[in-house]
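Colleague: Throw the hints in and build the complete structure from the sequences for me.
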Amino acid sequence: MEKQFPILQIIDPNGNIIDENYENEITEHLIKTFYSHMVRMRVFDRKAVSLQRQGRIGTYAPFEGQEAAQAGSALALNPDDWMFPTYRDHGAAMAFGHSLKSILLFWNGRNEGCIPPKGKNIFPPGIPIATQIPHAAGAAFAEKLKGTRNASIAYFGDGATSEGDFHEGLNFASVVKAPVVFFNENNQYAISVPFHKQMNSKTIAQKSLAYDIPGVRVDGNDVFAVYFQTMKALEAARNGEGPSLIEAVTWRYGAHTTADDPSKYRDQAKSHQRREITDPIIRLERFMKNYGFFDQVWIDMVQKEAADEIDQAIKEMEQFPAAKPGDIFDFVFAKLVWPIKQQKEEYLEMIGGDKK
Amino acid sequence: MRAAIKTQTLTLVQAINDALRIMLQENQNVILMGEDIGKNGGVFRATEGLQSEFGEDRVLDTPLSEAGFIGAAIGMAVNGFIPVAEIQFLGFIYPAFEQIMTHASRLRMRTMGHYTVPMVIRAPYGAGVRAPEIHCDSTEALFTHMPGIKVVCPSSPADAKGLLIAAIEDPDPVLFLEPMRCYRSSREEVPEGKYSIEIGKGKKLVEGTDVTIISWGAMIPVALKAAEEMKIQEVSCEVIDLRTLYPLDQDLISESVQKTGRTVIVHEAHSTGGVGNDVLAIINDTSFLYQKAPTERVTGFDTPVPYFGFEDYYLPTEKRVVKAIEKVLSF
Ligand SMILES: Cc1ncc(C[n+]2csc(CCOP(=O)(O)OP(=O)(O)O)c2C)c(N)n1
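In order, the protein sequence lines correspond to chains A and B.
Number 223 in this note's numbering belongs to position 223 of the first sequence; there are no gaps in the numbering.
Number 172 in this note's numbering belongs to position 172 of the second sequence; there are no gaps in the numbering.
Since the hints were made in silico from the structure, they are not lab data.
Heads up, the beta-carbon is just placed ideally off N, CA and C, and yes, glycines get one too.
Watch out, some of these pointers could steer you wrong.
The following label-pair restraints were derived from C-beta to C-beta distances [said to hold, decoys possible]:
1) B:T286 to A:N171: 49 to 55 Å
2) B:F97 to A:K335: 25 to 31 Å
3) B:F97 to A:P79: 36 to 42 Å
4) A:K315 to B:N284: 51 to 57 Å
5) B:T102 to A:N171: 18 to 24 Å
6) B:E26 to A:N200: 31 to 37 Å
7) B:T317 to A:Q342: 17 to 23 Å
To list a few chain A residues with every Cβ distance to chain B over 10 Å, as calculated [as the list claims (entries may be wrong)]:
8) K144
9) K202
10) D295
Which bits of chain A does chain B cover? Going by a derived footprint, with three or more residues having C-beta under 8 Å, they are [stated by the list, open to error]:
11) 127–140
12) 327–335
Modeller: The following block contains the structure:
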């Protein structure tokens, strides 16, 4: 199966182009877009981890190492497409245009953080594993019924493929030819459970065979490979050819979440050593050096802009108005039903009214 | 004179670990299964050290698939084993709902006792630890409503150990709910070695004469604090920890509410369809004419458990309990 589903690469770990078909498509604009998004994502992720440590947000799921998989796929979307991220895909959500303040609010326990910016179709992060996969199939099918050329993308991890919802979502989409890309980030661990204990299959891409849909395996740390393969799958979806499955092979360097201690189940020093080969940002920098795009002044500027933007978002998150007790009652139904109305009134009376 | 019982000071999660170790040692057929329970020792460390002690076949890291491993546990249970499955958080049990509702709970009846399902499903539940959404549900009533499965919910380390051992030895499926908020919040002296506490029996935590407070799990500390506070007003509250939510301890409930005639039920779960209503039904059936005031319920609201930024509003507080006590006293 590994032979049937080889890991596609456009640039190798040394930053050299190995698939010449794409030489002309890799423009300076694209390189700079990818690089700046990936840096922005990493700065965000590291700041979020430190905010959690300081008790300024709640438990947080870091994605360091998965920037290329998330940036490459999210940047392939059209503005009107639908995104169904997991709790680890705020990098993808950022790249697709979610607001940083909202993402931080989400991690600080606020529903307001689930509201996407106006006009953007970004679902709240999928918390129960794999449940977002059928949603993506359904939203995509709805676009097809409406006759648009919009598609949807569902993100999920390797562990998620064990859940029924994964299989049911793929099957449904394949039957109705829904324009959806099932984008797997195979970071090789589901919390502590390594890939080979999660499934007997050698790859995730091969699961496409069961549903008779295209399946590819890409190097998830090669942003170009991810981007062009996602583009291809989205194009096919828009043209009525139905869903595809992409397996982006990658790695998370950090903990599963800030509540997890990865040293319980793997050697973190070895994990760190992998950066030499798999860190997607290091790889892109090597490529930029090899092909004359490396510009330290520009890179410093990108870093600084990212840090400033994120600091600003943190400020906005922290200055955000306090949570209003009344809000937990008001959004359960379109119109308050009597039991909730009664509970709300009694509660607000006890605490002396809602916060302004 | 009673022989001194040897004890050790344990948290609730350590007491669970102790119970699991004892049962793995004692009965070769006991098998633990669940996500991340092996090397990682479970996300709350309830199974810490057990895989290295008993091996990968007896402490099984399963694929990430609740329907899959609960379904498989049912198959193992009908075929000679006693699976003790861990659901990482109660909010993630729903994929297995069908397996529990349509199989675990009714195989005995379907086959008139030919096939039985002696298994335990352990699940941490409840809010109040600033966990992400869906990690905070307390939907025990979905399972007390389900015929054919017992539901147990201890609030203290010693009870947790004795009840878990009883659950593992029970011939039928048991859902064992662990109040996440109490996992490490306190320690107590827990008897060493094997002992069990009868399923279906509650416990009087505080003796009192004026008002009965009935609660369980993570709401016990809230109930105890409210009872303490009422002392200042010279109100004597009796506090009852139900410990088992199906079948309820009818005798303990009726004995207490007949004595006080005034009752406050406290639970974290949503109001409508909550187990509190079944307690109320027992009061109605057994003790109606003894009541001096309508029973009050202090519960979570009929809203999904909100994100943790709002969870303090959702969770019953000491203040709400005190208010309810004052109300039942006003009649
Ligand atoms: C239905 C369900 N079961 C269990 C969990 C607890 N849990 C959260 S993340 C996770 C592992 C997910 O692994 P994977 O799908 O590989 O994604 P990754 O976290 O590696 O991105 C588990 C078991 C959950 N969120 N939902």
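Colleague: Now tell me, hint by hint, if it's right for this structure.
Modeller: A quick look at each hint next to the structure:
A hinted range of 49 to 55 Å for the beta carbons of T286 of chain B and N171 of chain A is consistent with their spacing of about 52 Å. Hint check: F97 of chain B to K335 of chain A, Cβ distance near 29 Å, so the stated range 25 to 31 Å holds. The given range of 36 to 42 Å is respected by F97 of chain B and P79 of chain A, whose C-beta atoms sit roughly 38 Å from each other. Roughly 56 Å separates the CB atoms of K315 of chain A and N284 of chain B, a value that falls within the hinted 51 to 57 Å.
For the pair T102 of chain B and N171 of chain A, the supplied restraint of 18 to 24 Å holds, since their beta-carbon distance comes to about 22 Å. E26 of chain B and N200 of chain A have their C-beta atoms about 33 Å apart, which keeps the hinted 31 to 37 Å range intact. For T317 of chain B and Q342 of chain A, the Cβ-Cβ distance of about 18 Å falls inside the hinted range of 17 to 23 Å, so the restraint holds. Consistency note on K144 of chain A: stated as away from chain B, and its beta-carbon is indeed over 10 Å from all of that chain's, at 27 Å minimum.
Even its closest Cβ contact with chain B, about 15 Å, leaves K202 of chain A beyond 10 Å, as expected for a residue assigned away from the interface. Annotated as non-interface, D295 of chain A keeps its C-beta farther than 10 Å from every C-beta of chain B; the closest such distance is 40 Å. Under the rule that three or more residues need a Cβ within less than 8 Å of chain B, the assignment of the stretch 127–140 of chain A holds, with 3 such residues. Counting residues of the stretch 327–335 of chain A whose C-beta lies closer than 8 Å to any C-beta of chain B gives 4; at least three are required, and the coverage claim holds.
Consistency with the previously given hints is maintained throughout, with no hint failing.
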